[in-house]
Amino acid sequence: MLVLGGAALLVFGDKPKAYELPNGQPIGQRTVISFWENWTGVEGQAMRDVVDKFNMSQNRIYVNTVEVSTIDIKTLIAVAGGDPPDIVTLWSGDMGQFIAYNALTPLDSLEDHGIVTSHTYVPYIWRLCAPYGRLYAVAATPEINMLYWNKLLFAAAGLDPDKPPRTFDELNEMSHRLTLYDSSGHLKQIGFLPIVPGWWNSMWGVYFGNHLYNYQTGYFNVDTPEQIAAYSWFASFSKQLGFTAVDSFLSGSEQQFDSPLNPFMSGKVAMELIGPYFSNFIKRNNPGLAGHYGIAPFPTSFGKPGDVYHGDCDLWGIPRGAKHVPEAMEALQFFSEQDNIEYLCDKHCKPSPLMVVSRSFIANNPNPYIEEFEQAMHSQNVEVLPPSPIWARVNDELANAAQRIWYGAPVEETLQQEQVLINQWTSDALRLQKLRARQGTNE
Amino acid sequence: MSKAVNIADGQGRLYISWKDQLTGMAFAAPYLVGICIFLLFPLAMSLYYSFCDYSMLQPPLWIGLDNYRHLLTDDTFHIALINTLIYAAISVPCTLAWSIFLAILLNRQIRSQGIYRTIIFLPTLVPLVATGIIWNWLFNSDSGLINYFLRPVLGLVGGIAAHVAAWLGAGPATLQALHDISPPAWLGDPNWAMTAIIFVSFWGVGQTVVIFLAGLQDIPAELYEAAQIDGAGSWGRLRHVTLPMLSPVIFFNLIMGIIGSWQFFDIPYVMTAGGPGRATLVYSLYLFNAAFNELRMGAASAMAWILFLIILALTALAFWSAKKWVHYS
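Top to bottom, those sequences are chains A and B.
As numbered in the numbering used here, residues 1 to 443 make up the first sequence, in order.
As numbered in the numbering used here, residues 1001 to 1329 make up the second sequence, in order.
These aren't lab readings, by the way, just hints derived from the structure by calculation.
Every residue, glycine too, gets a C-beta built ideally from N, C-alpha and C.
Please note that a few of the clues may not be correct.
[Stated by the list, open to error] Which residues of chain B face chain A? A few of them, derived with a C-beta cut under 8 Å, are:
# : residue
1 : L1057
2 : Q1113
3 : S1143
4 : A1185
5 : D1189
6 : G1277
7 : F1292
8 : L1295
[To be verified] Cut-off 25 Å, straight-line C-alpha distance, at most; resulting in silico cross-link-like pairs (SDA-like, lysine to any residue):
#  : chain 1 : residue 1 : chain 2 : residue 2
9  : A       : K74       : B       : Q1176
10 : A       : K53       : A       : V66
11 : A       : K188      : B       : Q1176
Given the sequences, and given the hints that come with them, work out the whole structure.
Have a look at this one:
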């Protein structure tokens, strides 16, 4: 029966798809390279457009795009299994682990030929692509977080709709005024909630002057006074509003930036710290809000807003063991050309990672605040996710510590415990790294 | 076809010709090869990796007992261990009792018995991921069905309690607290999240109920008749006939329950991802995160072997205690 079934599948089953160019022509004798991409939807389509353009631009290489979820882990496992894709899109937080595990091919040839150098990108993007000085990835689309505020809700609360908070005191005061309860005492609207969207709960210290990662030593600064101040501020929202009341308030919402049920998008939360792509989805999901929100740099405790930003970027790399490295390099070179990067960033509603942008990119960008984002991109003070080999574990731990603090754990004690724990992990990782170097078992 | 030759010698030993032995081995070979490649080899390798720093991307580096030593001082590991212990200690006996109760009900000769049996078994056919998502909605603190029904009940209870408290002379703060009594934010509150997860485990008892039902139907009717003649009532028959006769089946389900509860993974993975604040981080979830999110295969292997020893010890304990309470007819 099994044999019969197998034979039937072979005869009648779905045939493997023959690759085709966007114009319907077969690809002929081209070398097929695989590209694992983590974006879907509008962003994924933009990437596919660039890939189509590459496939039509020459007659030797065909890039086959595959959309992959949890791309970091799947790529690492594929590298371990000896069958990785030729190009992969990475989150910037993956870099430390990928480099430590020797899972990426250095892109020396791109740098040696002057195609991508430290002058190509704004400073923080270069730090992400070459965290230890050597180029391991090139930039795709960046993001830099800003405070979005709902001008309609500001006006309704008697606040100046054109004046965002400039200090933490102002932020707290405005949030208080924007927080409303219904007749039965349930939360109806909240001014600001640090757990919305909740993606950077490990990075709040940035705005209080903390440098989470020490690039020289490889250790983390978890229980510094700045970090304690940050998480005390974070916890103050939970204490004032009550975490069960907040949970109940948010239970009908979705944290996803692209959902109409996002609390900012649906008018439940008046201010949110989030990236430039948010404009795309406000326009799509709540057009009524499109002309009635503003963006501003997030306040800092030690200076003025914009003295520090938190930035990130999607990156393209070539995994170790990729079978078509020269072809992948050629594709990366094409993807990194200014017009392609600007096309992608335009469709993602994001600023450009490049040092120089075209006038048309600014003039035609669908993001109404593109100039503000571009200005922020060029800041010298952009904090990024640490390129530590153990960042995935530390990030999970810190996000969890933030969660416990949110639920009432004492701030100072929790952070001190985390500091001891993360120090231990770091020293273990460094010790093992040295041991491996001595034994020559790094690869 | 070769002729089977089994000749017993004077002492009762069997001799099988080498040809028959080879034939037997050939028939068993696919299984033996499979068990060596897919079970014994991975088992041996995981034992070796548990003494190594191993990420799959670099060769394993021998670090002796470090992985085990670190687990001793790893607070998160302790939390996962305690959470699993709590889950196992509550869910195993409660689901067993609940399953026996349902099986006894379903064993009664009533109309539409088949329909009731199908209804009880049906949830086990729903994929666990779908079950988790459905329960996430049911437990939604604001719009979930559970709180929708609980809210008026608690309002009524709180109102009555407030009246009683007022009559007893309680202060305004107490009275207000009683009036404000509201359902918990199940999955958003670390104090309630594990309760919710345990509650979900009651949902999938269908298979256990079916096994108990089969066990109940194996109990000879004469035993009940004899007990009835001796004057035993319903409770007496349950205690002195049903439960002792069902004890081998209870024992089987207890062992399966112990193993299942320590390997519990899918529901917290789907519903809470171990949160809030690690309140539902169970052993297997922590092991999975170490292995597949952080690629700490060495540490994960050490955890897997500790888990194996825990399950082995609990199973041995159950077998030891079985001598006292399991009655084979």
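Ascending list of hint numbers which this structure does not respect
Violated hints (numbers, rising): 2, 9; every other hint is consistent with the structure.
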